[in-house]
Amino acid sequence: MTGAAEARVLELTGVDTFYGRAQILSDVSLEVRRSEVVALLGRNGAGKSTTIKSIIGLVRPAKGEIAFEGKPIQGLEPFQISRLGLGYVPEDRRVFTGLTVAENLEVGRQPRRENAPEWTPDKLFALFPNLAEMSDRLGGLMSGGEQQMLTIARTLMGNPTTMLLDEPSEGLAPVIVEQVAKTILDLKAHGLSILLSEQNLHLSTLVSDRAYIIEKGRIRYEGSMAELAENEEIRAAYLMV
Amino acid sequence: MADFIVSLLTGLSSAAAMFLVASGLSIIFGVTRIVNFAHGSFYMLGAYIGYTLVQTIGSTGIGFWTAVLIAAVAVGLIGVVMEILLLRRIYKAPELFQLIATFGVILVIQDVTLWVWGSEDLVGPQAPGLKGAVSILGKPIPEYDLALIAISPLVLVGLWALFKLTRWGTLVRAATQDRQMVAALGVNQRWLFTGVLFLGSALAGLGGAVQIPKGGADLLMDFNILAAAFVVVVVGGMGSILGAFWAALLFGILQTFGIQILPNSTLVLMFLVMAVVLIFRPWGLLGMPESLLQIPSGPPEQPLRPALPRVRALAGAACALLLVLPIVHLVFPEVVGTFTLVLVIEIMVFVLFAAALHFIMGPGGMVSFGHAAYFGGGAYAAALLVKFADAPFELAFWAAPLGGALLAFLFGWFCVRLSGVYFAMLTLAFAQIAWAFVFQDMPGSVLKTFGIADEFGTPLKITGGDDGLNDIWPSPWASTRISYYYITVGLSVAALWIMRRLLYAPFGYTLRAGRDSPLRAAAIGIDLTRHRWLAFAISGAFTGLAGALFLFSKGSIFPTTLEIARSFDALLMVMLGGVQSLFGPIFGAAALTWLNDLFSVLSYWRFLLGVTIIALVLLLPQGLAGFADTRPGRRLRLARPEETGA
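As given, the protein sequences belong to chains A and B, one line each in that order. Mapping of the first sequence onto this note's numbering: residues 1 to 241, in sequence order. Mapping of the second sequence onto this note's numbering: residues 1001 to 1646, in sequence order.
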């Protein structure tokens, strides 16, 4: 790493996002550095998913700047943003239920990229062994945990340099959450940068380097994950239900 | 047995064109979520282009099939042009608005076809090499029929391979389920959509081209096949190609056998089969329940709110103007001529028609593609009462709203169980059946079957078929132009007021709740199906009332009042006006009736109307009433100022 500016892979500055007339995000600024796992924590409805969707372009911010690898990306179409190497793993998995596992992976396939690990179905099957056993199964006939793995694998087929993971632990059994944590660490080891939106503090603590807390659409806290794990007061204020 | 086999083969061969068109419609809908009204027009273009090509290069077997394929590709390219120039700009517009745009395309294609190929029906040449007949069980079967029978399975296998074995096909199937996710994975949907439009349109073109040797080409092909294709798609299941295949075969066979059992009964048989299928499988033979289909998430509907004082004042002024118009006519006939009064009567009839359709469409979220059934159906009820029971005007008139309501009650029972596109398709299919009932004089032909005739032995005519029913006028007191004007204006304004009251009553809230969130509405104890059914019948009653006003203003009634084009007129009025405004249908009906009147003196008026519609769609994607929300509209203070967020 030569400098802080260059190390910044993803940077949001003063982002405002609206759904109709309702303002969801107010002045959200955050950054993800290279090969770093950053947790975006907050309660239900705090604005985590909207932040992620604003980055990938599924909703358009009304104000503010979003830069990926130093280039502004706000206003681009989702497919253009994705092709820059930003992989999106959606909140509710959104597996293509009528397609087989192998076909789901095919949909995610994009040409290889120089600065990112190259994934093939075989490599992904090595990473997610249970997917290998069911490559002909329809996405709709898989369990929630299997679908979550498939969603991550599908996004990896695009050979991203950075991943946006939107609540990957939602609705999964603790043992599967452990598996998700292991996967995230694996990906970090491959050099990927990750923005992880989560409610699960346990998972976030296991994998994240830094954390932001968002509440009512505003960033309320920024610091290292270790600090946050120590800080009972902040956790009580923004994360406890 | 031999007869049976022959009928079966004939049925199978007539299924080919139906399958090709329906599968194309299904594919386009699956991915783009656009119901391409222009699909029937593509089928017609396929026939015309194919005809010209076959005339030029089709003298040999290879030449013939090359011509057919080129015609399909050409129509596919026309679909691509439509996608790039038109659809691409409006994918984000409200779903209904896309429908009007493709309707504009129908009108344009109709007139372009008329201009290029003329109005004469073209009789197709026989296919070289397949002119003969083969003998099967001693019966001759045209060789071309056998070729047609082979085409459907070939295309089916080809499509299966395309969708199952290619990356493009995988992407298309994924996009059918979740477009947004496919985009977020880096797929440029634009080319996917363009490709799908090419494929779907080319299939329609192929369907049109292959049937030339059997049916030739004529200018009515577009709407005729559209209704059949909708029925096939609904029965097969939206988005299911295999479903379209089986449904097309089913109807092909049914048609052949139906003709033998009861002539003119084919559409009724189609209706019965469709009804049976939909009772047991509301989403068609192989379709997915709609909840599993991706519903495009547009912006939330703006709540209906009482009109602003200024708008109310405008409405009041309009009513006052309507009241004094005949007086002005009497005093200054050169300023307000007879023609103006006639035009206002016509406008008010369609304002009422459009408002009644809007009643279920806007607040109810039920888009009926076949409302002409209740308009014409009501009018026919009144006309038949006058013709066969000598009912006085005062009594017969009310038979129309009653008839409209009863018909809507009957058809509605099936329709309201479905929603969205299924609902729309089903209403269209029912309307086509009502049209066929009148057009083919079904009651008359039933009487004929039982040998019932008048004293001279000539078969009885009931609906009169194509000739319609004539000489039906109001009582003398109501038949002067001015008194009929006041009857029309009075009844339609009263009906508009009643509908408005209903929509602001708990009944209207319930409808809107059901539209915005059916599950939540059901969870708080609302019997949604019953409310929707009732709303549909009420709408049918008011539509029938409009039909009565229409009937007695013209003095005659023809099957054209029930045809698809009439249903689409009403749809267009509502959508041009703006669906989520109570004034929308009023503006839309007035504007369209006036435009129709203005253009109808021109020889290519359909073209002009189509272009106008397309231009309006591109320029005013919220409808004419949406004008109030534009900058000039706000300056006139027709809409509320933007509310600032908390």
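There's no promise every hint is true.
[To be verified] Derived lysine-lysine pairs resembling DSS-like cross-links, with alpha carbons at most 25 Å apart:
hint	chain 1	residue 1	chain 2	residue 2
1	A	LYS63	B	LYS1092
2	B	LYS1387	B	LYS1164
3	A	LYS63	A	LYS123
4	B	LYS1164	A	LYS123
Simulated from the structure, these hints should not be mistaken for lab results.
Cross-check of the supplied hints:
no., hint, in the structure
1, A:LYS63 - B:LYS1092, "21 Å, holds"
2, B:LYS1387 - B:LYS1164, "59 Å, violated"
3, A:LYS63 - A:LYS123, "40 Å, violated"
4, B:LYS1164 - A:LYS123, "24 Å, holds"
Comparing the model with each earlier hint shows violations of hints 2, 3; every other hint is respected.
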